[in-house]
Amino acid sequence: MEYLSIFFDQVYKILFLLVPVLVSVAMVVWLDRRVWAFVQKRQGPNVVGPFGLLQTIADALKYIFKEIIIPSSSNKVIFILAPIVTMTLALIAWAVIPFSATQVLADINVGILYLFAVSSLGVYGIIMGGWASNSKYPFLGAIRSAAQMVSYEVSIGVIIINVLLCVGSLNLNDIVIAQQNLWFVIPLFPMFVIFFISALAETNRPPFDLPEAEAELVAGYQTEYSGMMYAMFWLGEYANILLMCAMGAILFLGGWLSPLEIYPFTLVPGPLWLVLKILLLFLLFALVKAIVPRYRYDQLMKLGWKVFLPLSLIWVVFTASYLFYFNLLPVN
Amino acid sequence: MIAHSIFFYTFSIIAIVSAIMVTASKNTVHSVFFLILDFISISCLFIMIGAEFLGMIMLIVYVGAVAVLFLFVVMMLNVAQQKNQWFSSEESSKHIPVGLIISTLIFVELIIVVGGWKYKPDLFDINNSIAINKVSNTHSLGQVLYTDYIHIFQISGMILLVAMIGAIVLTFRKREGVKTQSYIKQISRERSDGVSVLNVESNKGVKIDD
Numbered sequence: 001m002e003y004l005s006i007f008f009d010q011v012y013k014i015l016f017l018l019v020p021v022l023v024s025v026a027m028v029v030w031l032d033r034r035v036w037a038f039v040q041k042r043q044g045p046n047v048v049g050p051f052g053l054l055q056t057i058a059d060a061l062k063y064i065f066k067e068i069i070i071p072s073s074s075n076k077v078i079f080i081l082a083p084i085v086t087m088t089l090a091l092i093a094w095a096v097i098p099f100s101a102t103q104v105l106a107d108i109n110v111g112i113l114y115l116f117a118v119s120s121l122g123v124y125g126i127i128m129g130g131w132a133s134n135s136k137y138p139f140l141g142a143i144r145s146a147a148q149m150v151s152y153e154v155s156i157g158v159i160i161i162n163v164l165l166c167v168g169s170l171n172l173n174d175i176v177i178a179q180q181n182l183w184f185v186i187p188l189f190p191m192f193v194i195f196f197i198s199a200l201a202e203t204n205r206p207p208f209d210l211p212e213a214e215a216e217l218v219a220g221y222q223t224e225y226s227g228m229m230y231a232m233f234w235l236g237e238y239a240n241i242l243l244m245c246a247m248g249a250i251l252f253l254g255g256w257l258s259p260l261e262i263y264p265f266t267l268v269p270g271p272l273w274l275v276l277k278i279l280l281l282f283l284l285f286a287l288v289k290a291i292v293p294r295y296r297y298d299q300l301m302k303l304g305w306k307v308f309l310p311l312s313l314i315w316v317v318f319t320a321s322y323l324f325y326f327n328l329l330p331v332n
Numbered sequence: 333m334i335a336h337s338i339f340f341y342t343f344s345i346i347a348i349v350s351a352i353m354v355t356a357s358k359n360t361v362h363s364v365f366f367l368i369l370d371f372i373s374i375s376c377l378f379i380m381i382g383a384e385f386l387g388m389i390m391l392i393v394y395v396g397a398v399a400v401l402f403l404f405v406v407m408m409l410n411v412a413q414q415k416n417q418w419f420s421s422e423e424s425s426k427h428i429p430v431g432l433i434i435s436t437l438i439f440v441e442l443i444i445v446v447g448g449w450k451y452k453p454d455l456f457d458i459n460n461s462i463a464i465n466k467v468s469n470t471h472s473l474g475q476v477l478y479t480d481y482i483h484i485f486q487i488s489g490m491i492l493l494v495a496m497i498g499a500i501v502l503t504f505r506k507r508e509g510v511k512t513q514s515y516i517k518q519i520s521r522e523r524s525d526g527v528s529v530l531n532v533e534s535n536k537g538v539k540i541d542d
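Sequences listed follow chains A and B, in order. By the working numbering, the letter at position 309 of the first sequence is numbered 309, and the numbering carries on one by one without gaps. Every position in the second sequence, counted from 1, becomes a number in the working numbering once 332 is added.
Hints are computed from structural coordinates only; laboratory data are not their basis. Take these hints with a grain of salt, some might be off.
Cut-off 27 Å, straight-line C-alpha distance, at most; resulting in silico cross-link-like pairs (DSS-like, lysine-lysine) [unchecked claim]:
1) A/Lys-289 to A/Lys-306
2) A/Lys-62 to A/Lys-289
3) A/Lys-302 to B/Lys-506
4) A/Lys-302 to A/Lys-289
5) A/Lys-302 to B/Lys-517
6) A/Lys-136 to B/Lys-358
7) B/Lys-539 to B/Lys-511
8) A/Lys-306 to B/Lys-506
9) A/Lys-76 to A/Lys-66
10) B/Lys-426 to B/Lys-358
11) A/Lys-66 to A/Lys-136
12) B/Lys-517 to B/Lys-506
13) A/Lys-302 to B/Lys-511
14) B/Lys-539 to B/Lys-517
15) A/Lys-306 to B/Lys-517
16) A/Lys-41 to A/Lys-289
17) B/Lys-358 to A/Lys-76
18) B/Lys-511 to A/Lys-306
Covered stretches of chain B (in silico footprint by chain A; criterion: 3 or more residues with CB under 8 Å from a CB of chain A, positions within the stretch not fixed) [stated by the list, open to error]:
19) 374–388
20) 391–404
Note that the Cβ used here is the ideal one computed from N, Cα and C, for glycine as well.
Based on the provided sequences and hints, a complete structural model is requested.
Here it is, written out as C-alpha cells:
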C-alpha cells in the first residue's frame with residue numbers, strides 16, 4: 001500500500017511536468033514557424049485558433065489519423081523503435097531541470113552529467129531510424145548526423161567543464177545558486193556563444209540541419225517515416241531544442257533566478273523566469289533558422305573540430321588559471 | 333529493500349541477456365544495439381550502488397561516443413555478410429581454442445577478484461571508500477584521483493594521447509591535387525589580384541590561362 005501511494009505520487013508529479021512540456025512543445029513549433037514567417041514578411045500559420053495557436057495541434061491530429069507506412073525491406077523492430085527512442089530521450093531529460101529551488105522532479109548530485117548523457121544519447125534515434133529504413137537517403141542522413149552530433153558534443157562537454165569550474169558542483173540547483181550575484185553569461189560570454197552554436201548543431205537546427213538537408217537528402221533520416229511516427233520524430237526534435245534552451249538558461253542565464261533581486265522582479269515566481277529565459281533562447285534559435293543559410297558539411301566539421309574545440313579548451317585553461325590565481329576556486 | 337532487489341534483478345537480467353545476445357545475434361548491427369543496452373543497464377547498476385558519477389560517465393563515454401563509433405564502423409563496412417561467411421567457413425573452427433583460452437582466463441580472473449573480496453575483505457582498502465568519507469561520489473573520486481594516484485592518472489592520459497596521435501599519423505594520407513578552400517586566401521584577395529585591364533589587339537585575343 002505504501003509503495004502504491006509513492007508510485008501514484010510520482011506518476012502525478014511526472015504527469016504534472018510532462019503535460020506542460022508537451023503543450024509547450026506544440027506552442028513552440030507554432031512560435032518557430034511564426035517567427036520564421038515574420039522574418040520573411042509572411043503571415044505564417046494564423047488560421048487555426050487565436051493567432052493560429054492551435055495549428056500544431058491540428059497538424060498532430062492530422063498525423064495521428066494518417067496511415068503508418070513501414071517499408072517492406074526495413075528492419076521493422078528498430079524502425080518502430082527509433083521515433084520512440086527520440087521522443088523518450090527528449091522527455092526524460094526534463095526530470096532534472098530545476099524550476100525553482102524546490103520544484104524539481106529529481107534533484108540528483110550529477111544533474112548536469114545526466115543532462116549531457118541524455119542529450120548525447122539523442123543521436124541513437126536518428127541512427128536507428130536512418131539505418132532501419134534500409135534506403136540511401138536516410139542512411140546518408142543518419143551517418144552525417146552521427147558524425148555531427150559526436151563532434152559538437154565534445155565542445156559542449158568542455159564548455160560545461162568551464163561552468164563547473166566556477167561552481168564546484170554537478171548539481172543543477174547549485175549551478176543556478178552560484179549565479180546569484182553574476183550570471184555566467186557575463187564572465188563566460190565567449191563560451192555562451194559557442195554553446196549556443198553547438199546547441200544548434202547538436203539539435204540539427206538550421207544552419208546545421210545537414211542530416212535532413214532537403215535539397216540533397218529529401219528529408220534525411222525521416223524520409224521513410226509517415227503518420228504518427230514522423231510526428232514523434234518532429235515533436236521529439238522540438239522537445240530536444242527546448243531542452244537545449246533550458247540547459248543554456250541554467251548554465252549561463254541563471255536558471256530560475258530573477259535578473260535583479262529588487263521589488264518588482266521578485267514578485268515574479270522562479271519557474272516563470274526560467275520559462276522566459278528558455279523562450280528568449282528559443283527566439284534566437286528561430287531567428288537563426290530564418291536568417292542564416294545552411295553550412296557545407298566540411299565547413300561544419302572544420303568549425304566543430306578546428307575552431308570550437310581548441311577555443312573552448314583554451315578557455316578552460318584560462319578560467320582555471322584565473323580562478324586559481326585570484327583564489328576564487330570553489331572549495332568546500 | 334524489496335523494491336531495491338526488484339530493480340537490481342531487472343537490470344542484471346537485462347545486462348546478462350543482452351550480453352549473450354551481443355554474441356548470439358546474427359546481424360552485427362543488432363549486436364551493437366544489444367551492446368548499448370548492456371552498457372545502459374550496467375550504468376544503471378552503477379547508479380544503484382551509489383556510484384552515480386561512474387554510471388553517468390559510462391553513459392556519456394561508452395554509449396554516447398564509443399558505441400556510436402562502433403555503429404558507424406559496423407554500418408559502413410557491412411560486416412554482417414562477412415561474419416556469416418566466416419562462420420560457415422573452415423577457418424573459423426581454428427580460432428575456437430584461442431577464444432576458449434582467453435575466455436577461461438577472464439573467467440578465472442573474475443573468480444579471483446570476487447573470491448578475494450568475499451573471503452579476505454582487508455584485501456581492499458576500505459578506509460578510503462565512499463561510505464566512510466560521507467562526501468559525494470564525484471568529490472571522493474576527484475580527491476583520490478588527483479592526489480594519491482596523480483602519476484598513474486597522468487601516465488594513462490599520456491598513453492591515450494600517444495595512441496591518438498599514432499592513430500592520426502597512421503591513417504593520415506596526404507592526397508595530391510585536392511582543391512581545398514582557404515579562408516585566409518579568400519579574404520585577403522584584393523581587386524588587383526583578380527582583375528587586370530588589358531589592351532587587346534584586334535584579331536589576336538588574349539591568353540588568360542597563364
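A quick look at each hint next to the structure:
{"no.": "1", "hint": "A/Lys-289 to A/Lys-306", "in the structure": "24 Å, holds"}
{"no.": "2", "hint": "A/Lys-62 to A/Lys-289", "in the structure": "25 Å, holds"}
{"no.": "3", "hint": "A/Lys-302 to B/Lys-506", "in the structure": "17 Å, holds"}
{"no.": "4", "hint": "A/Lys-302 to A/Lys-289", "in the structure": "20 Å, holds"}
{"no.": "5", "hint": "A/Lys-302 to B/Lys-517", "in the structure": "16 Å, holds"}
{"no.": "6", "hint": "A/Lys-136 to B/Lys-358", "in the structure": "23 Å, holds"}
{"no.": "7", "hint": "B/Lys-539 to B/Lys-511", "in the structure": "23 Å, holds"}
{"no.": "8", "hint": "A/Lys-306 to B/Lys-506", "in the structure": "18 Å, holds"}
{"no.": "9", "hint": "A/Lys-76 to A/Lys-66", "in the structure": "19 Å, holds"}
{"no.": "10", "hint": "B/Lys-426 to B/Lys-358", "in the structure": "20 Å, holds"}
{"no.": "11", "hint": "A/Lys-66 to A/Lys-136", "in the structure": "24 Å, holds"}
{"no.": "12", "hint": "B/Lys-517 to B/Lys-506", "in the structure": "20 Å, holds"}
{"no.": "13", "hint": "A/Lys-302 to B/Lys-511", "in the structure": "15 Å, holds"}
{"no.": "14", "hint": "B/Lys-539 to B/Lys-517", "in the structure": "24 Å, holds"}
{"no.": "15", "hint": "A/Lys-306 to B/Lys-517", "in the structure": "17 Å, holds"}
{"no.": "16", "hint": "A/Lys-41 to A/Lys-289", "in the structure": "15 Å, holds"}
{"no.": "17", "hint": "B/Lys-358 to A/Lys-76", "in the structure": "16 Å, holds"}
{"no.": "18", "hint": "B/Lys-511 to A/Lys-306", "in the structure": "19 Å, holds"}
{"no.": "19", "hint": "374–388", "in the structure": "holds (count 3)"}
{"no.": "20", "hint": "391–404", "in the structure": "holds (count 9)"}
The structure meets every hint from the earlier list without exception.
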